[in-house]
Every structure is written in structure tokens, then in C-alpha cells.
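Colleague: The primary structure of each chain is shown beneath.
Number of protein chains: 2
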Amino acid sequence: MKELRVELDKQRSYPIYIGAGLLGQAELLTRHVRSKQVAIVSNDAIAPLYLSKVLAGLGDYQTETVILPDGEQYKTLQYLEKIFDGLLANKFSRNATLIALGGGVIGDMGGFAAACYQRGIAFIQIPTTLLAQVDSSVGGKTGVNHPLGKNMIGAFYQPQCVIADADVLDTLDDRQLSAGLAEVIKYGLIRDPEFLDWLEANMPKLLARDKAALAYAIERSCANKAAVVGEDEFENGVRATLNLGHTFGHAIETGCGYGQYLHGEAVAIGTGFAADLSRRLGYLSDADVARVLAILHAAGLPTRPPTEMSTEQYLDLMAVDKKNVDGKIRVILLEALGKALLPISVERAPLQATLNAYAG
Amino acid sequence: MKELRVELDKQRSYPIYIGAGLLGQAELLTRHVRSKQVAIVSNDAIAPLYLSKVLAGLGDYQTETVILPDGEQYKTLQYLEKIFDGLLANKFSRNATLIALGGGVIGDMGGFAAACYQRGIAFIQIPTTLLAQVDSSVGGKTGVNHPLGKNMIGAFYQPQCVIADADVLDTLDDRQLSAGLAEVIKYGLIRDPEFLDWLEANMPKLLARDKAALAYAIERSCANKAAVVGEDEFENGVRATLNLGHTFGHAIETGCGYGQYLHGEAVAIGTGFAADLSRRLGYLSDADVARVLAILHAAGLPTRPPTEMSTEQYLDLMAVDKKNVDGKIRVILLEALGKALLPISVERAPLQATLNAYAG
Numbered sequence: 004m005k006e007l008r009v010e011l012d013k014q015r016s017y018p019i020y021i022g023a024g025l026l027g028q029a030e031l032l033t034r035h036v037r038s039k040q041v042a043i044v045s046n047d048a049i050a051p052l053y054l055s056k057v058l059a060g061l062g063d064y065q066t067e068t069v070i071l072p073d074g075e076q077y078k079t080l081q082y083l084e085k086i087f088d089g090l091l092a093n094k095f096s097r098n099a100t101l102i103a104l105g106g107g108v109i110g111d112m113g114g115f116a117a118a119c120y121q122r123g124i125a126f127i128q129i130p131t132t133l134l135a136q137v138d139s140s141v142g143g144k145t146g147v148n149h150p151l152g153k154n155m156i157g158a159f160y161q162p163q164c165v166i167a168d169a170d171v172l173d174t175l176d177d178r179q180l181s182a183g184l185a186e187v188i189k190y191g192l193i194r195d196p197e198f199l200d201w202l203e204a205n206m207p208k209l210l211a212r213d214k215a216a217l218a219y220a221i222e223r224s225c226a227n228k229a230a231v232v233g234e235d236e237f238e239n240g241v242r243a244t245l246n247l248g249h250t251f252g253h254a255i256e257t258g259c260g261y262g263q264y265l266h267g268e269a270v271a272i273g274t275g276f277a278a279d280l281s282r283r284l285g286y287l288s289d290a291d292v293a294r295v296l297a298i299l300h301a302a303g304l305p306t307r308p309p310t311e312m313s314t315e316q317y318l319d320l321m322a323v324d325k326k327n328v329d330g331k332i333r334v335i336l337l338e339a340l341g342k343a344l345l346p347i348s349v350e351r352a353p354l355q356a357t358l359n360a361y362a363g
Numbered sequence: 004m005k006e007l008r009v010e011l012d013k014q015r016s017y018p019i020y021i022g023a024g025l026l027g028q029a030e031l032l033t034r035h036v037r038s039k040q041v042a043i044v045s046n047d048a049i050a051p052l053y054l055s056k057v058l059a060g061l062g063d064y065q066t067e068t069v070i071l072p073d074g075e076q077y078k079t080l081q082y083l084e085k086i087f088d089g090l091l092a093n094k095f096s097r098n099a100t101l102i103a104l105g106g107g108v109i110g111d112m113g114g115f116a117a118a119c120y121q122r123g124i125a126f127i128q129i130p131t132t133l134l135a136q137v138d139s140s141v142g143g144k145t146g147v148n149h150p151l152g153k154n155m156i157g158a159f160y161q162p163q164c165v166i167a168d169a170d171v172l173d174t175l176d177d178r179q180l181s182a183g184l185a186e187v188i189k190y191g192l193i194r195d196p197e198f199l200d201w202l203e204a205n206m207p208k209l210l211a212r213d214k215a216a217l218a219y220a221i222e223r224s225c226a227n228k229a230a231v232v233g234e235d236e237f238e239n240g241v242r243a244t245l246n247l248g249h250t251f252g253h254a255i256e257t258g259c260g261y262g263q264y265l266h267g268e269a270v271a272i273g274t275g276f277a278a279d280l281s282r283r284l285g286y287l288s289d290a291d292v293a294r295v296l297a298i299l300h301a302a303g304l305p306t307r308p309p310t311e312m313s314t315e316q317y318l319d320l321m322a323v324d325k326k327n328v329d330g331k332i333r334v335i336l337l338e339a340l341g342k343a344l345l346p347i348s349v350e351r352a353p354l355q356a357t358l359n360a361y362a363g
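These protein sequence lines map, in sequence, to chains A and B.
Our numbering puts the last residue of the first sequence at 363; the count rises by one with no breaks.
Our numbering puts the last residue of the second sequence at 363; the count rises by one with no breaks.
No lab work stands behind these hints, which were simulated from the structure alone.
Treat the hints loosely; a few may be bogus.
It does not matter which identical chain is used: a pair holds within one copy or between any two.
Said to hold, decoys possible - Heads up, simulated DMTMM-like pairs for lysine to aspartate or glutamate below, C-alpha to C-alpha not over 20 Å straight-line:
no. : residue 1 : residue 2
1   : K85       : E67
2   : K85       : D47
3   : K13       : D235
4   : K214      : D47
5   : K5        : D170
6   : K208      : D170
7   : K39       : E67
8   : K13       : E236
9   : K342      : D200
10  : K331      : D63
11  : K13       : E234
12  : K331      : E67
13  : K208      : D173
14  : K39       : D329
15  : K94       : D319
16  : K214      : D176
17  : K342      : D289
18  : K94       : E315
19  : K94       : D329
20  : K94       : E350
21  : K5        : E350
Using the sequences and the hints, build the whole thing.
Modeller: See below:
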């Protein structure tokens with residue numbers, strides 16, 4: 004097992020445990036549980052696979068389980084309320100602990116519920132998708148979607164620990180595996196050119212679910228994420244670079260209806276957009292853009308946007324991105340492969356040129 | 004105008020402005036506004052009286068208004084979402100500012116919406132009831148109710164400033180004025196015995212809306228609140244004493260249906276319960292309890308609980324209070340008049356004796 008740390012102030016630093024067979028090691032979990040009351044939030048796809056394994060280690064606790072339907076379309080205030088219903092019906096106190104057992108949606112919702120329940124209870128992330136293990140479970144961004152914008156309602160709220168058990172990836176379908184690789188590739192593109200090289204060389208191994216390759220990719224991704232979050236927890240600067248491709252990607256997720264594209268798929272398409280726009284603004288070469296598209300394709304990811312979305316629809320949806328200032332659209336661009344720029348406002352002309360070249 | 008400060012770490016300290024005619028001084032407001040986008044959240048009772056006055060000072064800004072129905076029964080996640088709808092429909096960015104213009108319900112909801120919108124935007128409290136001016140607008144407790152428990156979903160989130168204009172109390176009805184006095188009396192009971200003496204002597208002036216007396220009561224209450232919050236922002240200790248009477252009061256509000264009792268009325272009844280229980284446990288004398296009930300009566304407040312609630316219903320509702328640990332009921336008691344104890348677990352017998360003596 005590897006242990007990384009997210010270094011934050013005020014005793015809020017926490018470990019990320021990465022390795023095989025971690026779900027069977029109850030002590031990893033219980034050392035971070037604060038009281039006898041433990042709630043587990045999961046979904047109807049993950050719970051049948053892993054809930055009993057987690058519960059087996061919690062025999063001495065008062066456990067309650069809230070199972071949500073699986074999918075981004077349920078990441079709403081309405082379904083969030085079901086978590087509060089379960090906690091209150093069982094009289095859970097402010098010293099209770101909430102465990103989020105699932106992918107990014109469950110992690111975001113469980114974390115946000117923990118942030119708000121009685122103004123904050125302890126929580127633990129047990130991510131069960133590659134995407135959640137390498138990205139969304141680390142760093143404390145929690146929240147739900149709004150029909151007009153992705154992740155628009157939420158909180159910065161850090162977990163007690165993250166337990167990334169590589170074994171759970173065995174049950175992940177290929178589409179979910181590829182979606183997770185979109186965020187893995189992101190770290191190479193924004194700040195880790197050596198990792199980008201490694202990913203190009205090892206993509207076949209990752210897709211074949213080579214355990215050692217996957218473990219290395221998770222660990223290096225988490226190390227990148229922990230470094231960025233430790234430097235800028237509340238996204239006043241460099242943390243925004245983790246949003247490469249996300250401004251476009253969120254517009255796609257919202258515009259097509261949550262759940263049609265997996266988050267990682269939308270990010271992959273958005274990364275292609277960002278690379279194209281970086282080229283138009285003189286940062287990347289044609290060869291750089293081709294290299295970006297090639298590695299996304301190699302990971303089994305889409306790079307063509309949905310044909311049903313118009314340029315105007317993109318612009319309208321991108322106007323509510325969290326990076327914007329006074330309603331002006333700002334995006335993350337690449338200065339080079341392996342180096343992202345801080346968010347910048349982009350002139351309408353090149354942005355429209357990129358959108359027109361891709362959009363329907 | 005008086006200016007008090009709530010002293011917090013990390014440049015989060017903020018002023019409370021107290022005085023007459025403050026709503027007409029736009030500069031007080033605009034010095035705390037961060038960008039061109041300003042949202043005002045109010046209700047349909049307050050907006051007709053004061054919204055135009057606030058908007059008059061914001062002519063240079065992009066302003067949007069969200070008006071909620073008036074009443075505790077609308078302090079829910081469903082109505083909270085209406086605030087997000089308004090902000091997103093108008094493409095408000097993360098650097099926008101939200102102004103909560105209203106009583107405790109609007110302040111709690113506006114503050115919680117600001118805490119969650121894009122994971123946190125700036126907000127300003129303009130409390131328009133005595134209760135909000137002396138208590139709920141100061142200290143950063145925000146949130147909404149759940150059918151099973153009051154204020155169960157929320158955040159600690161501090162405003163940029165609080166503007167308490169004593170002139171707005173002119174339009175407050177007598178019932179609301181008395182409700183506010185419940186929290187004023189609380190400060191005397193928990194930590195300020197001299198203020199308790201002053202309140203006993205000056206209650207007729209306060210009820211007659213003597214401006215100088217009201218201004219003094221607001222200022223001294225805010226000074227007490229600011230001191231407690233500055234010492235213990237996240238309620239790990241002394242801040243819990245501000246909940247005198249609230250454990251019982253919240254049970255009454257939830258049990259009778261939100262909106263039937265005003266918060267201050269429920270707190271007044273709960274304060275009588277807490278005094279009675281303090282007597283049963285040997286802290287207060289019969290004369291002390293009589294003095295507590297007398298000042299509540301003098302303020303026009305009820306001290307008899309609703310007859311429709313049984314002892315069992317109180318115990319059930321109190322079992323989800325935020326002060327509880329592992330589901331065990333904890334309450335705030337008075338060691339003497341002017342001195343509260345930290346939350347303590349109470350044996351079933353004296354608690355039931357108090358409830359039986361009062362409950363239906």
C-alpha cells in the first residue's frame with residue numbers, strides 16, 4: 004500500500020491510501036471514524052458489489068445505508084435530501100461519520116451532504132471508479148448540479164481520508180475506465196510532461212488493466228492532485244488549471260442532459276477544444292494538437308462534440324462557469340504540452356472559431 | 004452610528020454597523036460589494052417596505068432580486084433552490100455579492116445560498132427584525148430546516164458585514180418585537196447579569212420602542228454575540244451556550260409545524276423549560292426561575308408550551324439536536340442567572356419531570 008498526503012492547514016491534512024485489497028482492511032477505515040454512528044452513501048450499481056465488504060469491517064458501529072440511483076442525472080438537491088432524510092430518521096448526531104462509497108457522483112453528493120448536515124460532519128471517500136480515484140475524491144470539491152449548470156451548488160469540504168482500492172477497478176466497465184483516463188491524461192497535459200510520455204507508452208497496458216500500470220497511474224495522478232490542492236485549496240490560482248477541458252465539458256454535460264456523456268468523456272472532448280483554442284492563440288503547434296487528440300483516442304475516448312449543440316448554446320452555457328468573472332468567459336489553455344496557463348478571458352473571435360470548427 | 008467587530012482569523016473579521024438611517028447610506032453597503040453583480044434576497048413582507056431603498060444605492064450595479072414568501076415554513080431546500088435559479092438565470096459569477104434583506108429566515112437562507120453558490124460567494128446581512136439584528140445575522144450560522152429537525156442543513160459562513168438599521172423596527176409588529184426580545188434576554192441570562200438588570204428596568208421602554216433603549220439593547224446584544232463567536236466560531240465550546248432554550252424551542256417549532264410559533268416565542272418557552280430543569284438539578288432557586296419567567300412575561304412572550312405536544316414527542320424531537328453526541332440529548336442549563344453551563348447530558352428522570360410539568 005502507498006500513502007500520499009494532502010497537506011492543508013489547521014490539522015486538516017489527510018492521507019490517500021492506494022493499493023490492492025484495501026476494502027478488506029477495516030482498520031484503515033475505522034481509524035478515521037469519530038463515533039459509533041456511521042452512514043454509508045452509495046448507489047444501486049456499487050452497493051451490490053462492495054457494500055457488504057465495507058459493512059463487514061463496521062460490526063461494532065451503528066451503521067445506516069442510503070442507496071441512490073446510479074447516474075449523473077441524480078446529482079441534484081432533490082436526491083441530496085434523501086441523504087439528510089436517512090441521517091435524521093436515524094437520529095445521527097454531529098459527531099457521526101459519512102462514508103461515500105462510489106464514483107464521482109456519490110463522492111460529490113456524499114461530501115456535500117457531510118458538509119451541510121448539522122453544518123458539517125466527518126466523511127471518508129471510498130472511490131470506486133478510476134475517475135474518482137485519480138481526481139474527484141481528492142481535494143474537497145463537493146456539490147450537486149443545477150439544470151442550468153454543472154456543480155453550481157456545493158462546498159469545499161475535505162475528507163478524513165481517501166481509500167483507493169485498485170481491486171474495485173476489476174468491475175469497472177470499459178467506458179468508465181476510459182472516462183477515468185481522461186483525468187489521468189489531464190495531469191500530464193497541465194503539469195507533468197514526463198507522465199504524458201509515460202502514458203503514451205503505457206496506454207495499451209492501462210486499457211488491458213495491468214495492475215502495476217494502473218496503480219502507478221493512480222498514484223502519480225493523486226500526487227499531482229495533492230500537490231495542486233495543497234498549494235491552492237480554494238482555487239484562487241493554480242487549482243483552476245485542473246479544469247482543463249472542463250469549461251467546454253461542463254457545457255456538453257449540461258447541454259446534452261446530465262448522464263448522456265460520462266464526465267470523463269465530456270472532459271476529453273473539451274480537452275480537444277482547449278487544445279484547438281490554444282493553437283489558434285499561438286501556444287500549441289498543429290503537431291501538439293494532433294498529439295493531444297491521439298492520446299485521447301488511444302485511451303478510447305471521444306473527441307468529437309455532440310452534433311446537436313450549436314455554437315450559441317456552448318457560449319450560453321459557458322457563461323455560467325465558476326471561473327468566470329462578472330459573466331465573462333474564462334478558460335484554461337495549454338502554453339505547451341505539460342504546462343497550463345492560469346484562467347484567461349478569451350476574445351469572442353477565436354473562441355467562436357474553435358466552436359464553429361467543432362460544433363453542430 | 005456604532006461599529007462593532009466580529010474578530011475571526013484569516014482576514015474574515017467583519018463589522019456590524021448599528022444605528023438609525025443606515026439603509027440610506029449606500030456607501031456602507033457598496034464598500035463591501037466585490038463586483039458589479041449584486042443579488043438581493045428578501046421576502047414578500049419586507050421587499051415592499053425596504054427593497055427600493057436598498058436598490059436606490061446600487062444604481063451602478065447589475066442587480067437581481069429573489070423574493071421568497073414570508074415565514075419559517077418556507078425555510079426549506081425547495082425554496083433555497085429558487086435563489087440558485089435566480090442567480091443562474093442571470094449568469095451570476097463567483098465574484099458576485101448576495102444581500103440578505105429580511106429577518107432570520109431570509110438571513111439564514113441567503114447566507115446558506117451564498118455559502119453554496121459556486122462553492123461560496125460574498126454576502127451581506129441587512130437584518131430587518133429585532134431578532135435578526137441581535138442574534139441570527141451575526142456569527143455565520145446559516146441553513147434551512149428539515150421536516151425532522153430545525154436548522155439541520157446548513158453551513159458556517161460569515162458575512163462581509165451586518166447593517167442593523169434601527170429605523171426598520173418601526174414597521175415591526177408587536178409580536179415580532181417581543182420575539183426578538185427573547186434573544187436579547189438570553190444574553191443577560193447566559194453571560195451578562197448587569198444587562199439582565201438593565202432589561203428588567205427598561206422593558207417598558209423597549210416595548211414602547213424608545214429609540215435609545217432599543218439601540219442600546221441591540222448594541223449590547225451584538226457585543227455579547229460577537230465576543231462569543233470570536234472566541235468559538237465553530238461551536239466547539241462556549242458558543243453552544245447561545246442555544247439556551249433552543250433545544251426545547253426547536254422541538255416546539257418542529258413539532259407544531261414551522262411557522263406556528265415564531266422562533267423567539269419558542270425560545271422563550273424553551274428558556275422557561277431550561278430554567279425549570281436548572282432548578283431541578285440544584286443550580287437555580289425557585290426565586291431565580293420566577294425571575295426568568297417574569298422578564299419573559301414582561302417582554303410579552305409566552306412561557307406555556309403548546310398543549311398538543313406530549314413528553315414523548317419532545318424527547319423524540321430533542322434526540323436530533325445538533326448538540327447531541329451519539330444520539331444522547333444534551334442541553335444548556337443555567338448555573339446562575341447570568342451564567343450558563345456548557346452543554347451537558349441530562350438524566351432521563353429530571354428531563355421528564357420538567358417536560359411532564361409543562362407538556363400536554
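Colleague: Now tell me, hint by hint, if it's right for this structure.
Modeller: Checked hints:
{"no.": "1", "hint": "K85 - E67", "verdict": "within (13 Å within a copy, 31 Å between copies)"}
{"no.": "2", "hint": "K85 - D47", "verdict": "within (14 Å within a copy, 30 Å between copies)"}
{"no.": "3", "hint": "K13 - D235", "verdict": "both (15 Å within a copy, 15 Å between copies)"}
{"no.": "4", "hint": "K214 - D47", "verdict": "neither (26 Å within a copy, 60 Å between copies)"}
{"no.": "5", "hint": "K5 - D170", "verdict": "within (14 Å within a copy, 62 Å between copies)"}
{"no.": "6", "hint": "K208 - D170", "verdict": "within (16 Å within a copy, 72 Å between copies)"}
{"no.": "7", "hint": "K39 - E67", "verdict": "within (11 Å within a copy, 46 Å between copies)"}
{"no.": "8", "hint": "K13 - E236", "verdict": "both (13 Å within a copy, 14 Å between copies)"}
{"no.": "9", "hint": "K342 - D200", "verdict": "within (14 Å within a copy, 67 Å between copies)"}
{"no.": "10", "hint": "K331 - D63", "verdict": "between (53 Å within a copy, 18 Å between copies)"}
{"no.": "11", "hint": "K13 - E234", "verdict": "both (14 Å within a copy, 16 Å between copies)"}
{"no.": "12", "hint": "K331 - E67", "verdict": "between (44 Å within a copy, 17 Å between copies)"}
{"no.": "13", "hint": "K208 - D173", "verdict": "within (14 Å within a copy, 74 Å between copies)"}
{"no.": "14", "hint": "K39 - D329", "verdict": "between (46 Å within a copy, 7 Å between copies)"}
{"no.": "15", "hint": "K94 - D319", "verdict": "between (43 Å within a copy, 9 Å between copies)"}
{"no.": "16", "hint": "K214 - D176", "verdict": "within (15 Å within a copy, 70 Å between copies)"}
{"no.": "17", "hint": "K342 - D289", "verdict": "within (16 Å within a copy, 74 Å between copies)"}
{"no.": "18", "hint": "K94 - E315", "verdict": "between (49 Å within a copy, 15 Å between copies)"}
{"no.": "19", "hint": "K94 - D329", "verdict": "between (43 Å within a copy, 9 Å between copies)"}
{"no.": "20", "hint": "K94 - E350", "verdict": "between (53 Å within a copy, 18 Å between copies)"}
{"no.": "21", "hint": "K5 - E350", "verdict": "neither (45 Å within a copy, 47 Å between copies)"}
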